[in-house]
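Starting from the given sequences, assemble the full structure and let the hints guide the process.
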Amino acid sequence: VVVVVVAVVIVVVVVVVVVVVIVVLVVVVLVIVVVVVIVVVIVEVVVEVVVVVVVVVVVVVVVVVVVVVVAVVIVVVVVVVVIVVVVMVV
Numbered sequence: 001v002v003v004v005v006v007a008v009v010i011v012v013v014v015v016v017v018v019v020v021v022i023v024v025l026v027v028v029v030l031v032i033v034v035v036v037v038i039v040v041v042i043v044e045v046v047v048e049v050v051v052v053v054v055v056v057v058v059v060v061v062v063v064v065v066v067v068v069v070v071a072v073v074i075v076v077v078v079v080v081v082v083i084v085v086v087v088m089v090v
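The sequence shown begins at 1 in full-length UniProt numbering and counts up one residue at a time.
No wet-lab data here; the hints were simulated from the structure.
Note that CB positions come from ideal geometry on N, CA and C, so glycine has one too.
There's no promise every hint is true.
Claimed, not checked - Just the calculated beta-carbon pair ranges, DEER-fashion:
hint	residue 1	residue 2	range
1	Ile-74	Val-5	35 to 45 angstroms
2	Val-11	Val-90	33 to 43 angstroms
3	Val-89	Val-37	22 to 32 angstroms
4	Val-34	Val-90	51 to 61 angstroms
5	Val-4	Val-43	52 to 62 angstroms
6	Val-40	Val-3	50 to 60 angstroms
7	Val-3	Val-64	33 to 43 angstroms
8	Val-50	Val-6	46 to 56 angstroms
Here is the structure:
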């Protein structure tokens, strides 16, 4: 019973951490996009717009990849920890 409770608590904590990390990253991306849009509006140059669009796309892709990798790593760690705890108790 204790093992199950510990495992559930660990999983819940990890899920919360993952969600918080993803939310923070999304907010960061949105802030970057807003700043970029403001810069574009101020500059109003075609070349700058193209460069900015490319930068925004790259940043978004990188952030998404990082989020996915972090989430996968965290899930793997949680699974391993739960397995280890169960094995130790058994």
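Going down the list of hints, with the structure as the test:
| no. | hint | verdict |
| --- | --- | --- |
| 1 | Ile-74 - Val-5: 35 to 45 angstroms | violated, 20 angstroms |
| 2 | Val-11 - Val-90: 33 to 43 angstroms | violated, 19 angstroms |
| 3 | Val-89 - Val-37: 22 to 32 angstroms | violated, 54 angstroms |
| 4 | Val-34 - Val-90: 51 to 61 angstroms | holds, 52 angstroms |
| 5 | Val-4 - Val-43: 52 to 62 angstroms | holds, 58 angstroms |
| 6 | Val-40 - Val-3: 50 to 60 angstroms | holds, 55 angstroms |
| 7 | Val-3 - Val-64: 33 to 43 angstroms | holds, 35 angstroms |
| 8 | Val-50 - Val-6: 46 to 56 angstroms | holds, 53 angstroms |
When each numbered hint is compared with the structure, violations occur for hints 1, 2 and 3.
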